[in-house]
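Asks: Protein chains in written order, with the working numbering: chain L, 369 to 568; chain S, 369 to 568; chain P, 369 to 568; chain A, 369 to 568.
Just so you know, these hints were derived from the structure itself, not from any lab. Treat the hints with care, since some could be wrong.
Same chains, same label: a pair holds when it works inside one copy or across any pair of copies.
The calculated lysine-lysine pairs, modelled on PhoX-like cross-linking and capped at a C-alpha distance of 25 Å, are [what the hints assert, rightly or not]:
{"id": "1", "residue 1": "K417", "residue 2": "K460"}
{"id": "2", "residue 1": "K383", "residue 2": "K499"}
{"id": "3", "residue 1": "K460", "residue 2": "K471"}
{"id": "4", "residue 1": "K471", "residue 2": "K403"}
Protein chains: 4
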Amino acid sequence: MAKNVAPDSTRRSEKSRRAIYDAALALVGEVGYPKTTIEGIAARAGVGKQTIYRWWSSKAEVLMEAFLDLGEQAGGESYAIPDTGDLAADLKAVLRATVDELKDPRFEVPSRALAAEGVVNEELGRKFVEKLLEPSLQLYVARLRSAQQAGDVRPEIDPRIALELFVSPLAQRWLQYSGPISYEYTDTLVDYALYGLAPR
Amino acid sequence: MAKNVAPDSTRRSEKSRRAIYDAALALVGEVGYPKTTIEGIAARAGVGKQTIYRWWSSKAEVLMEAFLDLGEQAGGESYAIPDTGDLAADLKAVLRATVDELKDPRFEVPSRALAAEGVVNEELGRKFVEKLLEPSLQLYVARLRSAQQAGDVRPEIDPRIALELFVSPLAQRWLQYSGPISYEYTDTLVDYALYGLAPR
Amino acid sequence: MAKNVAPDSTRRSEKSRRAIYDAALALVGEVGYPKTTIEGIAARAGVGKQTIYRWWSSKAEVLMEAFLDLGEQAGGESYAIPDTGDLAADLKAVLRATVDELKDPRFEVPSRALAAEGVVNEELGRKFVEKLLEPSLQLYVARLRSAQQAGDVRPEIDPRIALELFVSPLAQRWLQYSGPISYEYTDTLVDYALYGLAPR
Amino acid sequence: MAKNVAPDSTRRSEKSRRAIYDAALALVGEVGYPKTTIEGIAARAGVGKQTIYRWWSSKAEVLMEAFLDLGEQAGGESYAIPDTGDLAADLKAVLRATVDELKDPRFEVPSRALAAEGVVNEELGRKFVEKLLEPSLQLYVARLRSAQQAGDVRPEIDPRIALELFVSPLAQRWLQYSGPISYEYTDTLVDYALYGLAPR
DNA sequence: TTCTAACCGAGACGGTACGTCCGGTCTTCAA
DNA sequence: TTGAAGACCGGACGTACCGTCTCGGTTAGAA
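Using the sequences and the hints given, assemble the complete structure.
Replies: Put into structure tokens, the structure is as follows:
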């Protein structure tokens, strides 16, 4: 029967793709992820359902690409981490910016939706991490390596693990509503992580 | 006409409730959360749909209670955190046990399902935290307070925040597939958290 | 997994059935059979699609039953064939009435639709004949038998075949648009059939 | 802007036309008329959909022309009606041949499909009659006129109507499955029609 | 002989309806 | 009065085709 032929992407309609991204993000923002339906996206985008099914295999995938696309066009290369020489101050500044972003509804609803889907759908979760999460984390890795050269962080520390000490707590509180989020909180995280819990 | 009267819980069928819990957990384990349906639970439990709708308002709630019930009958009061006087060793031991639990499929699928639902459904998320997550975390709070009295942790440290330095990274790696999980990893987390990243 | 259980017809909603019949007949009359859809019937009847699929297996079947039902409630026992003793006059009268009915749009559209479907769908065709066509034809059989006893029709004639000489031509002209239909035409058919083509 | 220009038939691809006819007839024979789709015909014929839409306006039209074409190339001018001088024998012979043809599946499926479509689609129905049915019937007209000149049929009889007495019953039994078809049956029809039902 | 206009295969597109599945409500009957 | 059973309305699912619309490519006849 061989009908599972891959579609010809050179003939893909750019206009439709954009319309689908826009509709998907708008709907997720307006009615939430679970009430966002493929039918709804298609209708809002003025597109046939088949045009969605032809290029994506689930609404999670649509939303993921829409979100990536949003980041690409809007963010440029997102925001780098400053390197003023004062590690604690630099980290606190970035985390404060992250706090703001996490509370911005423009990003919050689709991020949550994707994160939630990723929890339950391993493939999507890994793609989410690879495409969105890890690139951001690598910025911390770079900053921590720089701090190691400056002697501000012990050389035997693995930066990829180290960054989790202050990033993951914030992430968890946000994702799971397991605690309030504030500048004070993130400042505290940085201090604890840099200087440890034990007496010095 | 008023039909929205709360059902009389004294006449509730205990057998049905157990059957529903069992069916819900079994289905989530077998086909995953999204393919678990209320109809499916009802059929498997040999129960009418109305019996589910009468006592719960969503499949997330059913699963949540089923999971709580599982914990209650099985875990007793879960496992406490040992207090041998060696804080680092105690924390490493508990986190190693947690690693094992996170990899046990009996717990993994429903936990993930609930966590994911909680990400996107704030009400459920808060209940999840309150009923399942926070009680566990309080065990760490207690252990850290004890360590403060023993002088192993600086007195100005807030234990509720401190525990996140080693608990949240593990939680995030597990939830979001953002990194591998191992005894080595959790041991490292404890060391970093206790002694900080900065040179001592 | 054994979901093909027959529905329980004692609990069937009479109101829905009637609404579906009405909607089906109305739609066929308004937009024609090919543009009548199950979704359209369901929407017009204010009924879920599943309620149609639960009780019928195709739109042809729905329409068939709707039409039968129409006949039952409206027609009583349809119209009998008069027996005045004058066979030719009686047949001519009935055929004239049939001509009028065939031209009545209230009956024409659904009849055509069913007949057409029956041409191509043997099962439905046979049901159509059994439930609608044959009972009418049997009235002619009875009248012809009476004529045989009166000596107006030769005794060796098979009435079931004989009636086709004047009924089938009319049916064919109507069904296939193969010729005009008029009182004159049907009168002629009766004369030809009774007295034959050959010189007497 | 005007794009509704009639296509230039001198540049038409004969190969495509033949392939479309073949595919249409093959598909109707294999899966039946309703499951025969334009897309299916195009795919089977190795032809773009537009090539079909350019030259025909519906699948009924395609099939009609395919069928006409089949008749032309295969049948020659179909079969004439013999004129041996014995009218009854001649008619019986032709009707017996018709019985055989009606039971030949090579003709049956597309004929039924066209007839059914014609029942419900007046335009197509009339074309069907004009192109296929009426030419055949005219052969009977000719034979009956000859019989009138020979004195075997009363002169005031209208041959176009007369032929329906034996042709239409057969047609109806076939089309509507309203009765069995056999040589005996058609022989009887001829006898009844020629000599009438009334006592001579 | 080159240009250009059309047909052609292919298939993406906006749509409509399909037949299925399930959500959540309501009704019936047995215990 | 609870509970099992399941019919009901509604609505999304993912698929199949519809008829329209590009997109190269090929294949004439006109320049």
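Asks: For each hint, tell me whether it holds in the structure or not.
Replies: Going through the hints against the structure:
Taking the shortest Cα distances, K417 and K460 never come within 25 Å of each other, neither inside one copy (46 Å) nor across copies (52 Å). Taking the closest pair of Cα atoms, K383 and K499 come within 25 Å of each other only inside a single copy of the chain (24 Å); across copies the shortest separation is 48 Å, beyond that limit. Taking the shortest Cα distances, K460 and K471 sit within 25 Å of each other inside one copy (17 Å), while across copies they are farther apart (34 Å). Taking CA atoms no more than 25 Å apart as the test, K471 paired with K403 passes inside one copy only; the shortest distance there is 22 Å, against 32 Å between copies.
Taken one by one, the earlier hints fail for this structure only at number 1.
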